[in-house]
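Peer 1: Residues per chain are reported as follows:
There are 2 protein chains.
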Amino acid sequence: MSTAEGYGEASELRSFGPAKAAARGAVATMVRSAATASLRTPHTGTVVFKAGERPIPAVALATEDADVIHRWLRAGPVRVRLQLGCHTEPDVDSANVVAEIRGREKPAEVVLLGAHLDSWDLAVGAQDDGTGVAMVVEAARLLARMRPRRTIRFVLFMNEENGSAGAKAYAEAHASEVHVAALESDAGAGRPLRVVFRGGEGGEAFLAPLLQPLAALGTDPAPARQDHFGADLHALARKRGLPTVHLIQDATRYFDIHHSAADTVDKIDPVALAESSAATAWLTWSLADAAGTLAPPTIEPPPKEH
Amino acid sequence: MSTAEGYGEASELRSFGPAKAAARGAVATMVRSAATASLRTPHTGTVVFKAGERPIPAVALATEDADVIHRWLRAGPVRVRLQLGCHTEPDVDSANVVAEIRGREKPAEVVLLGAHLDSWDLAVGAQDDGTGVAMVVEAARLLARMRPRRTIRFVLFMNEENGSAGAKAYAEAHASEVHVAALESDAGAGRPLRVVFRGGEGGEAFLAPLLQPLAALGTDPAPARQDHFGADLHALARKRGLPTVHLIQDATRYFDIHHSAADTVDKIDPVALAESSAATAWLTWSLADAAGTLAPPTIEPPPKEH
Chain A
33 MSTAEGYGEA SELRSFGPAK AAARGAVATM VRSAATASLR TPHTGTVVFK AGERPIPAVA
93 LATEDADVIH RWLRAGPVRV RLQLGCHTEP DVDSANVVAE IRGREKPAEV VLLGAHLDSW
153 DLAVGAQDDG TGVAMVVEAA RLLARMRPRR TIRFVLFMNE ENGSAGAKAY AEAHASEVHV
213 AALESDAGAG RPLRVVFRGG EGGEAFLAPL LQPLAALGTD PAPARQDHFG ADLHALARKR
273 GLPTVHLIQD ATRYFDIHHS AADTVDKIDP VALAESSAAT AWLTWSLADA AGTLAPPTIE
333 PPPKEH
Chain B
33 MSTAEGYGEA SELRSFGPAK AAARGAVATM VRSAATASLR TPHTGTVVFK AGERPIPAVA
93 LATEDADVIH RWLRAGPVRV RLQLGCHTEP DVDSANVVAE IRGREKPAEV VLLGAHLDSW
153 DLAVGAQDDG TGVAMVVEAA RLLARMRPRR TIRFVLFMNE ENGSAGAKAY AEAHASEVHV
213 AALESDAGAG RPLRVVFRGG EGGEAFLAPL LQPLAALGTD PAPARQDHFG ADLHALARKR
273 GLPTVHLIQD ATRYFDIHHS AADTVDKIDP VALAESSAAT AWLTWSLADA AGTLAPPTIE
333 PPPKEH
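Residue numbers (the working numbering), protein chains in the order written: chain A, 33 to 338; chain B, 33 to 338.
If you are wondering where the hints come from, they were derived from the structure by calculation, not from laboratory data.
Note that this is a predicted model, so its numbers are computed, not measured.
Treat the hints with caution; some may be incorrect.
Which copy is meant is left open, so a pair is good if it fits within one copy or across any two.
[As the list claims (entries may be wrong)] Pairs of lysine to aspartate or glutamate residues, derived as DMTMM-like cross-links and limited to a Cα-Cα distance of at most 25 Å, are as follows: (1) Lys138 with Glu209; (2) Lys299 with Asp97; (3) Lys299 with Glu193; (4) Lys299 with Asp288.
Based on the provided sequences and hints, a complete structural model is requested.
Peer 2: Encoded structure:
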């Protein structure tokens, strides 16, 4: 089984390559789709041009078409004519969706569970991030009648794929609140493999007992450190030391469909989704109801992944 | 491993359904793609309107989109607006490609090995029928310096997918010649599983010794009867009793890509293709060089498959 851990690195070429290429005089860029399977299926994704960088057309080719161009390149220069139908529309007002279960003892301390509402428009975004939203809503349903020690806040962020405006607005609006932990469901519908976290000293000892019940789902109950966390927690993490807990799901087939026209509901394994929903609900509950909290990380978050 | 044997039946809905629907008043038809895998990949294929039948628009939906419409239909009537970019162009002159190795003893007796040059235009037709053409050309290369008892004729037919004009023209032009056996390579690039034939009494006893060497390729050397044979042999078979021999290849993944934009060269397993090429060359050689010939079938060929 494979996980999504390499995606951030692999997609940097698509996200940041065009700006670098433009600085060196490129008129456009093409990348091979960051895909693990293809039936002539191009994958899209963020392309970043920072202030002062020169935006140029940037495309991702289906792996089959990238193969053809690679073969042609061996024989000499290749001339390509790009005809693109994509465009960027002006921003419109939209909204995050927020709900919470008020804590019984420390209502001012918040455990945040998030996912994102938007998706790339090639398909319905069933797994990016429909199933993430389903996991958050299912966790809310499972926990609705419980009363945890701290407040659990369920947040469905708007505009993760295209600038994270919802995450930035949330971080701004809730800057004064204490977030003792945050979780994000944005890695498909695969089954729950293990739990990683970003936090300060003693994190393993704090989390280990909370994770034991996950062994019943076949999830490795030993917590491990990992700097990756979801894009929607990034803005909040930069405001203050934010402890994050991340459920690692099986992503063996996730990048067959991720950011492509094939991200449709038929690809979802409902049993795996139910298992990851249960794991997410438990993680959220146990972090909110524990006697103590995870120590915040002492270092800055790494650059945002796309 | 699965083979292509069910495709003829499964594709009848797409091929002949529109004419039947039109006769009952339909304004258009949609079918689920006859596909074994999909990343939102629609499959095309022949649609037949015979003289006097009313042609209507007919589309094949990607399985994911067919699923959605099925779900909607459970809730009530569904209204669909079709916008099709396809059209039929007028016929143009084209050509079959024919080469032969003249027989040393009975040059007037022909063993025909065929494949087809054309393909659906969503992709390059790498396996339908690029690899069939490759198998025929490779058989010709392997046998070029041999001198079989009978003539071997290699035929690359034009226009198999859209009316079999090349096959009809060949049957017409060569109606007076004696074809003692015909083989067609039009089932992808999978490995050689077994050999089927269409012929008269004693066919098994005649073929069995010829097939023994194929066991070295892992091919079942026991001949079996089967009424299916390739579309390009149909016109010839209707002219006279034509004995046909058909190499059954592994088609487990063939209908993932068949008639779709994904029929590209990266999907080909070169080792499997080499094995099926060798099997085809051997079959062709041994039928042309055998002391006797396969008795012709005594019954008419079944309706042409698409």
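Peer 1: Take the hints in turn and mark each one as holding or not.
Peer 2: The hints, checked one at a time:
no. : hint               : result
1   : Lys138 with Glu209 : within (12 Å within a copy, 94 Å between copies)
2   : Lys299 with Asp97  : both (24 Å within a copy, 12 Å between copies)
3   : Lys299 with Glu193 : within (21 Å within a copy, 31 Å between copies)
4   : Lys299 with Asp288 : both (10 Å within a copy, 15 Å between copies)
Checked against the numbered hints above, the structure violates none of them.
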